[in-house]
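Participant: Chain by chain, the residues:
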Amino acid sequence: MSMKFEGRDILSIKDFSVKEIMHILKTAKKMVPAAKGERRDESLRGKVLATIFFEPSTRTRLSFESAMSRLGGRAIGMADPEASSLKKGETLADTIKMAESYADVTVLRHHHMGAARLAANFSAKPIINGGDGAGQHPTQTMLDLFTIWTEKGKIEGQKVALVGDLKYGRTAHSLSYALSLFGAKLYFVAPPTLQMPKEVVDDAKVGKVRPKLTGDLNDVIGKVDVLYVTRIQKERFPDPQEYQRVAGLYKVDVGLLEEAKKDLIVMHPLPRVNEIHPSVDGTHHARYFEQAFNGVPVRMALLALILGAVE
Amino acid sequence: MSMKFEGRDILSIKDFSVKEIMHILKTAKKMVPAAKGERRDESLRGKVLATIFFEPSTRTRLSFESAMSRLGGRAIGMADPEASSLKKGETLADTIKMAESYADVTVLRHHHMGAARLAANFSAKPIINGGDGAGQHPTQTMLDLFTIWTEKGKIEGQKVALVGDLKYGRTAHSLSYALSLFGAKLYFVAPPTLQMPKEVVDDAKVGKVRPKLTGDLNDVIGKVDVLYVTRIQKERFPDPQEYQRVAGLYKVDVGLLEEAKKDLIVMHPLPRVNEIHPSVDGTHHARYFEQAFNGVPVRMALLALILGAVE
Amino acid sequence: MSMKFEGRDILSIKDFSVKEIMHILKTAKKMVPAAKGERRDESLRGKVLATIFFEPSTRTRLSFESAMSRLGGRAIGMADPEASSLKKGETLADTIKMAESYADVTVLRHHHMGAARLAANFSAKPIINGGDGAGQHPTQTMLDLFTIWTEKGKIEGQKVALVGDLKYGRTAHSLSYALSLFGAKLYFVAPPTLQMPKEVVDDAKVGKVRPKLTGDLNDVIGKVDVLYVTRIQKERFPDPQEYQRVAGLYKVDVGLLEEAKKDLIVMHPLPRVNEIHPSVDGTHHARYFEQAFNGVPVRMALLALILGAVE
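Line by line, the protein sequences give chains A, B and C. Numbered according to our numbering, the first sequence spans residues 8 to 318. Numbered according to our numbering, the second sequence spans residues 8 to 318. Numbered according to our numbering, the third sequence spans residues 8 to 318.
Same shape as in the complex, but just chain A (with noise of 0.2 Å):
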């Protein structure tokens, strides 16, 4: 089966084979130098990348801002709904048909699930999904298995425990399907009332090894390879007192690294608030900045493939 990217959209990580993602993968390293500023890529000279974002998120709209830089490219964008001609009763599929007059890929980001494919329906152009509510955020995903891939040199049999809010958080429920399907081996780590809803669990059972499920970080701490930690979200809790709690039982600091591995890797999909300790940035084990900037050559990649500039 040969590879196509070439006017393809990226709308959830489910669409890829593990041959495709480890193909984006390998031309995301190749982009690192350009992504630094250290080496000039002109291959999307000329092209316009559309950033349609009806919720903010800096760090999507910023990295895909700066990938299309690097490559010698250009976007524009709509990040304001209220300034906008949403404001003015404008659907879905004519705001996406504005953008596909103006560039020549769109990234999409919506507040509801399935708004990405929506668009893509209405597209001839491709459309990146760049976060649609509950559902999928597979650049995110991208590049969250490019930082496991380049830090430990391969994806199968590395431990990994999801930690924090898995019932909502998107970012984890993509994440471990993709884990899963390249063979991790899988620690869901949440209180009761946050840990991963069922369908993610069977979902995360497309790999050979079942998912561990626990509500003590301390009892995978010492095993695990990957630590991904993510927010947990005041809102959620009825009882402030209740999220305090919970909240102090997930944090992450030198005192908790102590227990671990000496080669595990602290993940996080950023901003973060209080989940890891800041005195854990200069430690060996921090890795979320690192995962920050793989954003840059991960979405080089998928531009420079869905346009055809590399293959």
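Since no wrong hints were added, every one of them can be taken at face value.
Copies of the same chain look alike in the list, so a pair counts if it works inside one copy or between any two.
30 Å max Cα-Cα, derived DSSO-like pairs, lysine-lysine:
#: 1; residue 1: K132; residue 2: K269
#: 2; residue 1: K132; residue 2: K43
#: 3; residue 1: K132; residue 2: K159
#: 4; residue 1: K36; residue 2: K132
#: 5; residue 1: K258; residue 2: K268
#: 6; residue 1: K132; residue 2: K37
#: 7; residue 1: K174; residue 2: K21
#: 8; residue 1: K33; residue 2: K132
#: 9; residue 1: K43; residue 2: K11
#: 10; residue 1: K269; residue 2: K36
#: 11; residue 1: K166; residue 2: K268
#: 12; residue 1: K268; residue 2: K159
#: 13; residue 1: K230; residue 2: K269
Treat the hints as calculated values from the structure; they're not laboratory data. Since the structure is predicted, the reported quantities are computational estimates derived from the model, not experimental observations.
For chain A, the structure is supplied; the task is to place chains B and C on it using the hints.
Facilitator: This is chains B and C only, laid out in the frame that chain A set:
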């Protein structure tokens, strides 16, 4: 008479002769492949456009940014009057002089009629009127003319119905003047309370054929070559039921189009709300998305002409 | 001593020697034709600037974007703290590390004094202070110096009156230090309640000549070579009538300028409100619009120097 575009302001469609407008449209036609990203054009490399928008207009802003990008130039801009020096009480003259310091050409969108012409008085560099309240929006008129010209081969002799809110619709006013100048035959279709103002009807007599006014869309649907639909804004009606009734009368759907000529084209400046049913999108009549795209080559042509990159 | 700019932060004017500042001004002078779009310069092709603005500043942001564009680079940015990860409670350190992941240099505008220096501690890449509350705004000071230098031929020995709100005006504080360092003779003209703070007066004694403090603009108007006017902000006055009275005392108009030296130049950091009457714009004294433009070549010079594109 030789035509001179370099350094010129684009303030009102009335400042341009038929010959000049045709030159712009022909230049725009050559820009189409670059506007689609199929050909690379870097005529405006190193040039900077300032977009100064005192009120939001996603389409106008993004299509100018796309136009500048497709020609290798860059756009900088201020889109949020609340987060700007305007809040500090700066005059329009000072804001325009700022833009002129930082860019080669400025697009101004303003809520007051005459703002663009005032701005041009203060600026040594070209000003493009991106819409000034109830006044003019000349680049919209030019893309409308471009659409009719490219779809129909010529503008002269075309029967064009303008439908909807013709009283307050700036787009309809400029277009009716320009179409008349080109020798099109006009039909103004609106309820009595929203019919064309007398001065616009008088303006439209610049051509040889007097426009016809009617309240009944069914009267004209079988006769015309172009149906140009505009938004009827709820805010114009003190009584919501009256709005519903009137809006219903001018709604374009596939049923209505059964009465139309085979080669009728339907246009709309977008965004639309309910004026054109989505089922029309799939018919061979719909041209509003092509019309939106045409904003890019037309604005490319204008930018290249007034910055002296083409003649 | 050899000068080293590559990789350097621009945090405070006090971090630079006279020799270093003169090197920046001379580099800026060479940038003028490219800043005007008359010459193409692509020294920063492939480079990315991040503009992180926690409070709005149209002139600072747009002139940095223009500077980057005129050198062939690109700017990405976050201008609305409300629509960003800041709202999610991210620390400044994390925001800066994000910017550093996506760009080669960051301009930070922040409401807290010291924010830029704090940011520089967290960033391996250069930070430019775009204004930090009551603190510093070094690129503004440099463009002010550039304006005096290019208009007058030298800064040493110039008699410069700073007029208006000298108590709270950050611009006046940095500039008075720098002018004194260059050997200018200073006059601080303000009502007693808005006079220069003692520590700034002390700072300004770095030069050989002690600054003179006065409340009366008429006292100095006939003596000085440069009149640097700053905004008197209404918010500083509990009593609106007192504001009116004071603002009236320091208003610059053509009447006042009749008393001035022939070659007096009037400067203002802009935006202005009522401090300088528009009738002054047409006199040969006015230089505030040239001063605004000078922000572009000065920022081009700084960007090119710290990114190693020029020496």
